[in-house]
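Protein chains: 2
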Amino acid sequence: MKILIIGAAGMVGSKLTAHLIAAGKIDDQSITQLLLADIVEPSISDAAQTSAIEIQTRAVDMTQAGIAEALVADEPDLIYHLAAIVSGEAEADFDKGYRINLDGTRYLLDAIRARHDNNGYTPKFVFTSSIAVYGAPFPESIDDEFHLTPMTSYGTQKAICELLLADCNRRGIVQGIGLRLPTICIRPGKPNLAASGFFSNILREPINGKTAVLPVEDTVRHWFASPRTAIRFLVKAASINAEELGPRCNINLPGLCATVAQQIEALERVVGADAVKLIKREPDETIRAIVANWPENFDAQRAISLGFEAESSFDEIIQVYLEDEMSS
Amino acid sequence: MKILIIGAAGMVGSKLTAHLIAAGKIDDQSITQLLLADIVEPSISDAAQTSAIEIQTRAVDMTQAGIAEALVADEPDLIYHLAAIVSGEAEADFDKGYRINLDGTRYLLDAIRARHDNNGYTPKFVFTSSIAVYGAPFPESIDDEFHLTPMTSYGTQKAICELLLADCNRRGIVQGIGLRLPTICIRPGKPNLAASGFFSNILREPINGKTAVLPVEDTVRHWFASPRTAIRFLVKAASINAEELGPRCNINLPGLCATVAQQIEALERVVGADAVKLIKREPDETIRAIVANWPENFDAQRAISLGFEAESSFDEIIQVYLEDEMSS
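Protein chains in written order, with our numbering: chain A, 1 to 328; chain B, 1 to 328.
Bear in mind the hints are in silico, worked out from the structure with no lab data behind them. Just so we're clear, the structure is a prediction, and the values are computed from it rather than from any experiment. Don't take every hint at face value.
Any copy will do: because identical chains look the same in the list, a pair fits if it lies in one copy or spans two.
What the hints assert, rightly or not - Cross-link-like lysine to any residue pairs, in silico, SDA-like; alpha carbons within 20 Å at most:
#1 Lys2 with Ser43
#2 Lys15 with Ile55
#3 Lys96 with Arg106
#4 Lys190 with Met326
#5 Lys280 with Asp144
#6 Lys280 with Val235
#7 Lys15 with Gln64
#8 Lys96 with Arg171
#9 Lys15 with Arg248
#10 Lys96 with Arg115
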């Protein structure tokens with residue numbers, strides 16, 4: 001099994017890489033080759049350097065001519081396409097967002113199609129979409145048949161890529177699956193300036209004895225999964241077959257619907273009351289207005305019936321962070 | 001009011017042109033300029049040649065560099081983008097379909113955006129989408145919040161253009177509206193080989209004393225509007241303002257949900273029993289299978305509340321054909 005990961009230097013990409021190297025296999029098949037690409041060269045761990053898997057790393061710009069062709073030249077059996085510029089940047093720079101998030105994906109699918117037309121090459125193709133494909137107003141719970149009305153250019157680009165993927169899937173060019181990931185929480189690392197950052201900040205910073213700012217009300221609800229669950233989703237996606245999935249290959253993933261209050265209650269239960277005291281309430285109208293357009297709750301029946309599973313409490317999500325990020 | 005029509009040589013485009021020239025105004029504003037573009041040079045009538053409107057015609061390929069920029073160089077106040085290669089050709093030729101139906105639209109929106117960024121230019125932009133953005137399985141009636149799952153590359157390209165239009169609309173680059181037109185019936189002219197052609201053929205040919213083939217069962221249901229109604233939709237769309245429309249700028253238009261049996265009953269009532277005898281039943285499994293994936297019925301509440309209106313019986317649709325196509 002040869003695997004290509006595009007976006008391998010990101011948080012999800014590097015955790016996926018580490019998981020695959022440790023497991024040595026996916027969907028019961030041994031991994032023989034791993035090609036890791038990103039706009040900056042992905043770094044690999046000591047473990048990776050002694051792995052039996054042949055690992056290559058590449059710093060590439062997917063929008064440049066010939067890059068997509070080069071990445072699929074070895075005909076990987078499984079392609080993870082995780083690469084994207086984030087929401088804030090795609091909103092600030094119209095051209096860059098469309099170039100990378102839309103054209104990059106299209107070039108990749110075109111490069112696969114050229115090989116497909118030539119020799120029948122049909123890789124598995126796992127694409128990370130986002131709940132940003134949805135825009136308010138929403139029903140109480142977004143089901144698998146609710147329409148996509150993105151309210152950002154990032155969400156628009158993800159929705160367009162979903163449509164391209166579905167068309168290539170229908171034509172048999174790829175065995176494609178698009179995953180609308182919940183907001184990943186608790187993101188490890190430093191606080192970031194993304195509007196959604198506070199959902200992780202208000203847990204991660206207090207766990208590490210630092211203060212964090214809460215810019216919205218306790219009643220704000222959102223849709224979450226841990227980084228560990230995100231990786232489990234990506235691995236699971238590689239085992240779904242085309243017949244099971246059918247033509248509607250872009251799916252809402254399960255997650256945990258929780259309010260900020262429920263996040264804070266879990267923090268108190270798992271870490272203690274002192275941690276909660278480190279959360280400073282500083283209402284921010286700009287962030288409140290952005291968050292008001294975000295989806296709150298999903299009915300992810302299709303994904304659940306396909307075997308995808310998420311956390312069922314914020315206590316678990318915090319526990320995952322403690323186990324995966326605080327143990328070393 | 002300066003108007004650009006792209007796709008002006010097609011059936012809908014030429015009827016729209018004729019309507020605008022005869023009316024001399026749209027949305028209570030006088031039309032001063034009309035730029036008619038298509039892959040072949042649009043022909044204009046004698047009436048047009050004596051019109052007070054300054055009319056220009058151009059044969060252009062929208063996928064070539066500089067063309068989109070040239071078409072918007074005079075900053076038309078209203079742009080009708082009707083141009084597309086049809087479903088069958090987009091399915092047969094992947095690259096051509098995406099080049100014309102997706103890239104062509106993107107170049108046009110990019111050319112508008114360049115002017116917008118420069119001087120605030122923000123034209124009205126009316127885009128003809130299609131009910132081909134929907135794919136089976138369907139609910140009993142497709143409402144305005146049902147997701148887009150096209151089952152053809154043509155439908156995929158239309159759905160992608162809807163997303164691009166909505167993003168440009170949200171950003172204030174255009175005042176955009178996307179119209180998911182019902183199947184137009186009765187199409188004038190010769191029988192064509194489109195899978196949907198029989199819906200028009202079984203009425204038009206008998207009206208003209210010729211035989212027509214019915215390849216599907218009488219029970220097949222579909223969603224229809226007359227060519228005259230399609231033009232009314234396009235004219236109405238120019239008068240909808242952005243506040244009324246909101247960010248969900250692509251809408252299902254009203255139509256008439258009718259079975260083939262109801263079409264034939266109307267033909268008998270309006271034209272006579274002899275006409276019905278000219279319909280030859282020759283079941284075609286390929287066409288039956290294609291039609292089985294087509295939408296049958298819609299709940300077009302949003303468009304109706306915005307003031308769009310369609311026919312309410314097939315008798316009316318046949319009458320429109322008799323008045324508009326048989327009177328000369």
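Now for the hints, and whether the structure bears them out:
1. Taking the shortest Cα distances, lysine 2 and serine 43 sit within 20 Å of each other inside one copy (19 Å), while across copies they are farther apart (57 Å).
2. Taking the shortest alpha-carbon separations for lysine 15 and isoleucine 55, only the intra-copy value of 15 Å comes in at or below 20 Å, while the best inter-copy value is 61 Å.
3. Proximity of lysine 96 and arginine 106 under a CA criterion of 20 Å is satisfied in both settings, with 14 Å inside one chain copy and 15 Å between copies.
4. In this assembly of identical chains, the alpha carbons of lysine 190 and methionine 326 lie at most 20 Å apart only when taken from the same copy (14 Å versus 73 Å across copies).
5. Proximity of lysine 280 to aspartate 144 under the C-alpha cut-off of 20 Å is found in neither arrangement, the shortest distances being 37 Å within a copy and 42 Å between copies.
6. Within a single copy, lysine 280 and valine 235 get their C-alpha atoms no closer than 37 Å, and across copies no closer than 55 Å, so neither meets the 20 Å cut-off.
7. Proximity of lysine 15 and glutamine 64 under a CA criterion of 20 Å is satisfied in neither setting, with 26 Å inside one chain copy and 43 Å between copies.
8. With identical chains, the CA atoms of lysine 96 and arginine 171 are at most 20 Å apart between copies only, with a shortest distance of 16 Å across copies and 29 Å within one.
9. Taking CA atoms no more than 20 Å apart as the test, lysine 15 paired with arginine 248 passes in neither setting, with 28 Å inside one copy and 37 Å between copies.
10. For the identical chains of this complex, lysine 96 and arginine 115 are inter-copy neighbours only, at 18 Å across copies versus 28 Å inside a copy, given an alpha-carbon limit of 20 Å.
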